[in-house]
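Participant: Residues per chain, in single letters:
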Amino acid sequence: MDAEPNSEEQMPKSGAMADLRYSLHLMSRNKLVLVGSVLATGSILVALLAHVLVPASATVDDRALRICWNNPLINWNIPSVNVCPPPVRPLGTDAYGRNLLQMIILAVPLDLSIALEIVASAVVIGIVLGSVAGYAGGILDEAILRITDIFFAVPGILLAIVLMTVLGRTIPNLTLAVLISWWPLYVRLIRSQVLSEKERPYVEALRAMGAGRMRILFRHIVPNSIYPLIVQATLDIGSVILTVSTLVFLGFAPSTIATGQTPELGSLTSQGAQYLFSAPWLIIFPGLAILIISLGFNLLGDGLRDVFDPRLRR
Amino acid sequence: MAENLLEVQDLRKWFPIKGGLLGRTSGFVKAVDGATLGVEKGETLGVVGESGCGKTTLGRTVLKLTQPTGGRILFDGRDITSLRGRKAKPLRRRMQIVFQDPYASLDPRQTVRSALTEPMKIHGLARSRKEADAKASELISKVGLNPDHLARYPHEFSGGQRQRIAVARALAVSPDFIVLDEPTSSLDVSVQSQILNLLKALQRELGLTYLFISHNLAVVRQVCQRIAVMYLGRVVEMAETEALFESPKHPYTRALLSSVPIPDPSRRKALAVLEGDVPSPVNIPPGCRFRQRCEFATERCSEVSPPMKEVRRGQTIECLYDIDFATKRKVELS
Amino acid sequence: MTVRSEAQKEREGAAVLEVRDLRVSFHTYLGEVKALDGVDFDLRRGEVLGLVGESGCGKTVTALAIGGLLSDNARVEGGQVLLEGKDLLKETKEELRQTRLREVSFVFQDPMTFINPVLSVGSQIAEVLESDRVFQDELVEYRLDELAREESKGDLTRAQAEERQALEGLGRGKKLSKKVLKRLAESRALDYMRTVKLPDPERVFKMYPFELSGGMRQRVMIAMALVRRPKVLLADEITTALDVTVQAQVLKLLAELRGKIDASVILITHDLGVVSEICDRVVVMYAGNVVEVADIDELFANPLHPYTQGLLASIPRPDVHAEEMKSISGSVPNLIFPPSGCRFHPRCPKRFDRCPGVKPPLVEVKPGHKVACLLY
Ligand SMILES: Nc1ncnc2c1ncn2[C@@H]1O[C@H](COP(=O)(O)OP(=O)(O)O)[C@@H](O)[C@H]1O
Ligand SMILES: Nc1ncnc2c1ncn2[C@@H]1O[C@H](COP(=O)(O)OP(=O)(O)O)[C@@H](O)[C@H]1O
Ligand code: SF4
Ligand SMILES: [Mg+2]
Ligand SMILES: [Mg+2]
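Residue numbers (this note's numbering), protein chains in the order written: chain V, 736 to 1049; chain S, -9 to 324; chain P, 60 to 435.
One chain only, chain V, in its complex shape (with noise of 0.2 Å):
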């Protein structure tokens, strides 16, 4: 068709191997993102591997409770006789005679299932509602709003303790609880990306098509919105462990967690607070844990706000 056809530029050969090549170059270039990416892949893998890690007979310790009894150079004079210090156990035993590091592993895959299924679940809100409040605009836009700011407004623990106390101490429940006051941060944050997104000259030319509303939003809009929301759901992951584990510490959680025959951090981490002179161990270790999951997250997520960073990009 035309006298010179194509023959305008040779653009560097990208395509996804230079773009991933890059995205690790800039992963790469700050020391604490790879410490985060490291802690968070880790965290995720002990959680798959938990019952491989842990033997299905490992319950109370016998060996460990044989050593520790009547010897108090070794149990230091702890009033709960089931109680073993490291190094008799890696991390030693809890107030069962569990071993602590056993304990620990199985309640990774808890905790992190319930954080990942508050994350999710406040995405999928996040995107409906804040993507239609964005784009729609006008009443439903001020509906949706007005009701996230009613959220807003309570906080998070506090509407998280009074629905538990009124719907009854469950797993489900807690999950409830904490997404409740979670998922209004979503549609701020899709609806605010919806917002500025709509206004790009793309979706001028996808309505001069004829693209209808609904393929606008969810095949373009929604799509080019998600690099954000990936972001936050990550450093999400790690605050949301630390708040269930915090309720779960202030003694809002199921009876089988709180008993302790299902372990998990916060739990852990409460018995222990019973111990805090006699055996530090028992709030230390568990406590380190949630630390080192959340901060992972986060850390991976501020990696990712820079891999994802447009101004970094094109």
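Among the hints, erroneous ones may be present.
[Stated by the list, open to error] Listed next, the stretches of chain S that the computed footprint assigns to chain V, with coverage defined by at least 3 CB atoms under 8 Å from CB atoms of chain V: (1) 96 to 103; (2) 107 to 115.
[Unchecked claim] SDA-like cross-link-like pairs, simulated, lysine to any residue; straight-line CA separation at most 25 Å: (3) P:Lys385 / S:Gln215; (4) V:Lys933 / S:Trp4; (5) P:Lys311 / S:Gly42; (6) S:Lys259 / P:Glu296.
Hint data in this document are derived by calculation from the structure and do not stem from the laboratory.
Backbone N, C-alpha and C fix where the C-beta goes; we use that ideal spot for every residue, glycine too.
With chain V's structure known, arrange chains S and P with the ligands on it following the hints.
Facilitator: Quick look at chains S and P with the ligands alone, frame taken from chain V:
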């Protein structure tokens, strides 16, 4: 005279200015404020003017991407002024647009193939995926790229190539009429002429009608048969290209033309300078809207809004006078 | 502004600024961007030199290198930038800063990036002078000159006489009080606002940048650049973002300023119309190389480099209609992997077997007309 494919009559598009605590409307940006023009089948009509004079808004309103505040738009003899939503969809098959910024007018997460086949899907123009893909290959070759490019993403292309893709996308629905909103303004000169040649060739081949919006008078001269000059939301002069460049009749057109530097030092002349900036389209004074910057303005100019008058065959202006710029004599138009 | 001394007039035609074989590269994750590959030209005293080429050809990088304003990932690989004989690239950071403040000024395309949005424009222009001691003596001299001129017209008022006494009593290099400094700087700023034809300068002095139109902001930038009385003014695409009507106003201003200011100007633009309007000579750049240098009339009448020829042929002209427009095939190459030999060869309609292998030197084919192409 050929028949008009598009007719715009007294078109107005006012954007409300929301202010104050209660978000009350405190005034209007009169982006388009009584524009009248017609585009003949098969021609390229240029729309020129300083930035902010309402060119883009005119284009968007004509395509019904935004609802007009007043006036009428006729496309192929049909009144489309109040068509909207689903009702406007058949229109989208016949009218298309190419935007100024090739970097922003393509969805960054969509491959070229998907960008080209999407309009076909929307309008049910291909029976199968295979047919759509075949059409996409044909389109991409038509705009001077090659089918290997279909699998790539927009960021892998240069500006000129992206603009070619945008043109191909507009052609995907086989439209009759395309609004080209500054299609080469963000490109380098050497690439600009490639795109302009492409647009011309496509027009010849497919019998397209263009509304060519540009602030670059030199470009407009190369591609348009007729030109409409806009000032503050109105078409103040409309004429065939040669007539407009050789003997502009509106004082604004003349000022605009003589402020364009000519790339030829042997023809260096002192650029005629039009003082002041484009006034704001919010508080438009009564009378002629050009009068504050017009060297020929009289008392009457501030009282009477000049109606559109034909001063010569095919040359209309919105000025109270027919002015001979050489002698500065003016004859009142009745 | 100031009357040119005889000595200055004599040196007219001599180079103020010589750029010699300048090489700059940028380190990026994709590789080394060889942005400037031996840029070589002179800026003569009092002239307006056009620097043209498509975007990405290295015009801005050249300007930044001259002013010592390159970003951190840039490295000057070699070459010299001689300002009246002294090599700016060899100066220490502090020396360079001082030189830049006094002798090289910039005006950029987007004024808003360089204007502080929360200070009134007048005080910003004045601030340029207040902020650095190097301008102090000059301010005093300038004021004394002003008073002397006043006196020659008639008697000075008592206040003026006292002021003169105070200023004269001040030895060179002595510090002025803040208040006096501010007053002198502001009156000088206002003066320059008049010079650049800002309408109603007293009022505009107190206005904030957002209250000004694009054209007025560009005038403010020009005033800010000129108030230091630089030897070299680098103007990078200053009219690109403006409407043609406003562009004409700015070009007219530049033309008027030529007689009044000492500065020699490098006008960077991709618009050959603008170049032909006010430049004396033109340097054409392509992909980090200077490909042609000539007087303006010579360049347009007799372009030698195929790139210049292509560029001239592809500009749409407002004064003629062409059915089919010429264009240069392809576009500016990526400078990480620049083409070998003559960097233009992949796009050149006249290339021959030697082009991909030999880098053409810039040779003077006629007095004042240099070209870098193996054809000559
Ligand atoms: N969506 C909008 N809302 C409010 N004002 C607008 C909108 N679009 C354009 N305008 C205003 O309308 C006027 C004309 O704009 P536009 O049509 O973009 O001009 P042009 O394309 O000629 O530069 C400008 O003053 C602009 O600020
Ligand atoms: N900070 C930078 N980092 C990397 N590359 C750069 C940087 N600045 C400029 N370049 C590259 O240098 C080349 C010349 O750029 P520039 O001088 O801005 O071109 P021009 O001003 O002629 O349009 C381009 O290839 C550009 O990509
Ligand atoms: S009507 Fe009056 S002010 Fe308007 S353009 Fe004509 S002469 Fe000038
Ligand atoms: Mg526009
Ligand atoms: Mg530049």
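Participant: Against this structure, judge whether each hint is valid.
Facilitator: Cross-check of the supplied hints:
Note: the stretch 96 to 103 of chain S has 5 residues with beta-carbon separation from chain V under 8 Å; the three-residue rule is met and the coverage holds. Counting residues of the stretch 107 to 115 of chain S whose C-beta lies closer than 8 Å to any C-beta of chain V gives 4; at least three are required, and the coverage claim holds. Between the alpha carbons of Lys385 (chain P) and Gln215 (chain S) the distance comes to roughly 19 Å, so the proposed pair stays at or under 25 Å and holds. Restraint check: the Cα-Cα separation between Lys933 (chain V) and Trp4 (chain S) comes to about 21 Å, which is no more than 25 Å; the hinted pair holds.
Pair hint Lys311 (chain P) plus Gly42 (chain S) holds up; C-alpha atoms about 23 Å apart against a cutoff of 25 Å. Only pairs whose Cα atoms come within 25 Å are accepted, and Lys259 (chain S) paired with Glu296 (chain P) is accepted, the gap being roughly 21 Å.
Hint compliance for this structure: every hint is met.
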